[in-house]
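Could you build all of it, start to finish, from the sequences and the hints given here?
Protein sequences, first through last, are from chains F and R.
FYI, in this note's numbering the residues of the first sequence are 9 to 299.
FYI, in this note's numbering the residues of the second sequence are 5 to 487.
Treat the hints as calculated values from the structure; they're not laboratory data.
Predicted model, so just to flag it, every value in this text is computed and none were measured.
The beta carbon of each residue, even a glycine, is placed where N, CA and C say it ideally should be.
Treat the hints with care, since some could be wrong.
Simulated pairs of lysine-lysine, DSBU-like, Cα-Cα distance not exceeding 30 Å [claimed, not checked]:
(1) R:K183 / R:K331
(2) R:K282 / F:K130
(3) R:K331 / F:K130
(4) R:K95 / F:K130
(5) F:K130 / R:K217
Which residues of chain F face chain R? A partial, calculated answer using Cβ under 7 Å [said to hold, decoys possible]:
(6) F48
(7) I137
(8) G155
(9) G242
(10) G243
(11) G244
(12) P262
What follows is each chain in one-letter form.
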Amino acid sequence: MQSNRLGWILLAPTLVILFFFGVVPFFYVLWLSFHQWNPFALDPAVVYNGADNFRALVFDNGFLASLGVTIAFVFFAVLTELIVGYLLAQAFMKEFPGKAVFRTIHTLPLIMAPIIVGSIWKLMTTPSIGIIPSLLASWFGFDLNIGTSAVAAFTVTVIMDVWHWTPLVTLTLIAALVSLPADPFEQAQIDGANKRQIFWHITLPMIAPALLATVFIRLMDALRTVDEVLMLTGGGPGSATRYLGVHIFKEVFPKTNYGYGSAVSIIVLYLTIVACWLLYVALIAPRNKKA
Amino acid sequence: MKFAYKLSASAIALAMMTGMSFAQDIEIKNAEWWQEAGKKFDGTTLRGVTESTPASNYIADVLAPKFEELTGIDVQIETTSWDQMYDKAIKDMEAKTGIYDMVYIEQDIVYAYLSRNFLVDITKSLNEKAELKAPEYSEDNFTTFAENFRGSDGDLYGVPMEAFIKVYLYRTDLFDDPKIQAAFKEKTGKDLKPAKTHAEYTEIAQFFTDYGKENGMDLWGTTAQAHTGHPASWYEYFESVAPTFGVYDWGIDANDNYAATVENGGTMNSPEAKEALKWWLSMRDIAPPESVQSTWTEVATTFAAGRAAQGLVYGENAAWIATDESKSRVVGEVGVALPPLEPGVMEEAESGKGYIGYYDGGAFGLPVTSKSKDAALLFMQFMALPEIQEDWAAAGSRITLTSTYDTPKVKEVDKELGGYYSMLRDDGKLFKGAPEYPFHRQVIEATAPTFYEILTGSIGPDEGLDMMAQKAEEELKNLGYRK
Numbered sequence: 009m010q011s012n013r014l015g016w017i018l019l020a021p022t023l024v025i026l027f028f029f030g031v032v033p034f035f036y037v038l039w040l041s042f043h044q045w046n047p048f049a050l051d052p053a054v055v056y057n058g059a060d061n062f063r064a065l066v067f068d069n070g071f072l073a074s075l076g077v078t079i080a081f082v083f084f085a086v087l088t089e090l091i092v093g094y095l096l097a098q099a100f101m102k103e104f105p106g107k108a109v110f111r112t113i114h115t116l117p118l119i120m121a122p123i124i125v126g127s128i129w130k131l132m133t134t135p136s137i138g139i140i141p142s143l144l145a146s147w148f149g150f151d152l153n154i155g156t157s158a159v160a161a162f163t164v165t166v167i168m169d170v171w172h173w174t175p176l177v178t179l180t181l182i183a184a185l186v187s188l189p190a191d192p193f194e195q196a197q198i199d200g201a202n203k204r205q206i207f208w209h210i211t212l213p214m215i216a217p218a219l220l221a222t223v224f225i226r227l228m229d230a231l232r233t234v235d236e237v238l239m240l241t242g243g244g245p246g247s248a249t250r251y252l253g254v255h256i257f258k259e260v261f262p263k264t265n266y267g268y269g270s271a272v273s274i275i276v277l278y279l280t281i282v283a284c285w286l287l288y289v290a291l292i293a294p295r296n297k298k299a
Numbered sequence: 005m006k007f008a009y010k011l012s013a014s015a016i017a018l019a020m021m022t023g024m025s026f027a028q029d030i031e032i033k034n035a036e037w038w039q040e041a042g043k044k045f046d047g048t049t050l051r052g053v054t055e056s057t058p059a060s061n062y063i064a065d066v067l068a069p070k071f072e073e074l075t076g077i078d079v080q081i082e083t084t085s086w087d088q089m090y091d092k093a094i095k096d097m098e099a100k101t102g103i104y105d106m107v108y109i110e111q112d113i114v115y116a117y118l119s120r121n122f123l124v125d126i127t128k129s130l131n132e133k134a135e136l137k138a139p140e141y142s143e144d145n146f147t148t149f150a151e152n153f154r155g156s157d158g159d160l161y162g163v164p165m166e167a168f169i170k171v172y173l174y175r176t177d178l179f180d181d182p183k184i185q186a187a188f189k190e191k192t193g194k195d196l197k198p199a200k201t202h203a204e205y206t207e208i209a210q211f212f213t214d215y216g217k218e219n220g221m222d223l224w225g226t227t228a229q230a231h232t233g234h235p236a237s238w239y240e241y242f243e244s245v246a247p248t249f250g251v252y253d254w255g256i257d258a259n260d261n262y263a264a265t266v267e268n269g270g271t272m273n274s275p276e277a278k279e280a281l282k283w284w285l286s287m288r289d290i291a292p293p294e295s296v297q298s299t300w301t302e303v304a305t306t307f308a309a310g311r312a313a314q315g316l317v318y319g320e321n322a323a324w325i326a327t328d329e330s331k332s333r334v335v336g337e338v339g340v341a342l343p344p345l346e347p348g349v350m351e352e353a354e355s356g357k358g359y360i361g362y363y364d365g366g367a368f369g370l371p372v373t374s375k376s377k378d379a380a381l382l383f384m385q386f387m388a389l390p391e392i393q394e395d396w397a398a399a400g401s402r403i404t405l406t407s408t409y410d411t412p413k414v415k416e417v418d419k420e421l422g423g424y425y426s427m428l429r430d431d432g433k434l435f436k437g438a439p440e441y442p443f444h445r446q447v448i449e450a451t452a453p454t455f456y457e458i459l460t461g462s463i464g465p466d467e468g469l470d471m472m473a474q475k476a477e478e479e480l481k482n483l484g485y486r487k
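Here is the structure:
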């Protein structure tokens, strides 16, 4: 009983902070999403407008286009991060000269603020003077211009995200791989299983919980990407990289369309929960059922 | 490690000493009055938030320490990006948290702030509290730019701290080069001199882009602030290009139910607006490749790097481009001229019906939510003292008091800048700030996505401007301004 009370006392500061900085803002945004409020309108009052904001979303071409490019961005970025992250984690499981140095360098992007990452990539990809377009032009005669080409801008934002966040995937998967027992692998080898069979039937199922947790984290992060992209492309060219986070930022901050922006935020939260739930149902639930 | 600490400490000490020596260089007349006035605020800390510009940095680095030395009032100035500054100021005033005692008001935000009654009436406050009014402070000292910060009652709601025009900069080393002049003459049959019309500007721009290509130089004929995802491009077109074709106030007629479309009485999609956009796009196409990612800062950097022969550049950058060898490759090689115009636009500007370009700048305003209004009023008057203006003008290409034009340092820099300050004084009246609308960012964000699509070529300029004018009217209707 005493240890229970002590536990609550120790937890209390976290719960208080979570309440004021998590729960209260969430309900405030939820409340705002059912209102019309632009402080620079002729009438700046907060007016209840039912589900009008959500209804407007369905017909908002800007939002729908933003949703489309965001899904594509999340798919390519997270999938690439998982593949590259797993390969790197496997590489780090082996000993090779300079491993410690390489692992440290590889982890560095993780500690950088997104706004800095965006600035660095902007400097590197500025048309004609950035190092990447310059090298691509001189080596392959390829003109990389993220200011005019939607495909180039989209691809660079994906690469930037992969560069920034793959180390997180690698570190998580290293932790998962290190904790795996050796017995199943030894038995599989004795039974004559090849590497592909070992990966599909032993490694992957055993690291699935860690993999899924990583996917959840990256999925949620990628869906709300703002700073890096805003700094790199501003959402352009046109609306090619106006991902949902950027779309919300532009609705809420410069346009001060607080009610509508809140509605978009709620929908994005809903979509994130649905995506995570679908992933859970597809990957984990069948295993639990079997067990 | 110890050496590194010592080195860092020395560097910090040196930096502080440099700042202090700057601060000590300024001699304040009637210093006793300031010491006396500051006594009752001893221990007070004032907080301000502003955009990181040369003029703002001077306030943070030089004026704030000097004011503290004089009055004992600590002044903390936060210099940050425009977006951050706007966000922080709005949230503070909206939520009435009273964090900031001074907020930067760019000329185009003041109307929005006034419409929300966010700002203290400085004229009235100083009239009511005579003990706070500094002997050397007078609203009569300000240039006409201060008019932008007056309310409908004629009172001042912001103390101007930076003011500049967006000028036509050109490279004197290129324009005065006899070989280039001969080549230009041979190609066009004309003398090479700063353009007065768009046709002349086009000819010069095309000549230099071709010249750069033919001679293997990183040189293009013009700059273009043409970012395909940042409102900087929107601003360049509507505030600097469209007016030179006779399209004013973004093509929105505030006196005609905020009409934007031609059919309702606006000019946002008028033939002149479409011609202006097509001309600007044609200039963008022969500008340096980075132009499609350029905001105001990058345009200045492009020009300072010697990559453009001419261009429209914000005046706040003119001084460092022309004088700072650590940042610019074209020091001493910069000339200024009025922007190229269509026939009839100059006459409209002179008669007050129109204008030829953008007069930008900002002021420090005092939020009604401030917890130290009186101390803030003191600092804001301090910023407007004639004796501190000279160095500030030389450092930040800004002039807000008429007397500053005649100071020795400003005259000296004026020569290096090819007469920029003289132009600001003599021709400033031909330029105009942003229109007096309280809905700037709202209309910009409503129409900008279409504008970016025009820039990428997904939508044609004619069709795009038609769509933008309609979007503008829709947004104004949503906001309640258009009935």
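Status of the hints after comparison with the structure:
no., hint, result
1, R:K183 / R:K331, "28 Å, holds"
2, R:K282 / F:K130, "28 Å, holds"
3, R:K331 / F:K130, "19 Å, holds"
4, R:K95 / F:K130, "29 Å, holds"
5, F:K130 / R:K217, "26 Å, holds"
6, F48, "5 Å, holds"
7, I137, "6 Å, holds"
8, G155, "3 Å, holds"
9, G242, "3 Å, holds"
10, G243, "5 Å, holds"
11, G244, "2 Å, holds"
12, P262, "4 Å, holds"
Checked against the numbered hints above, the structure breaks none of them.
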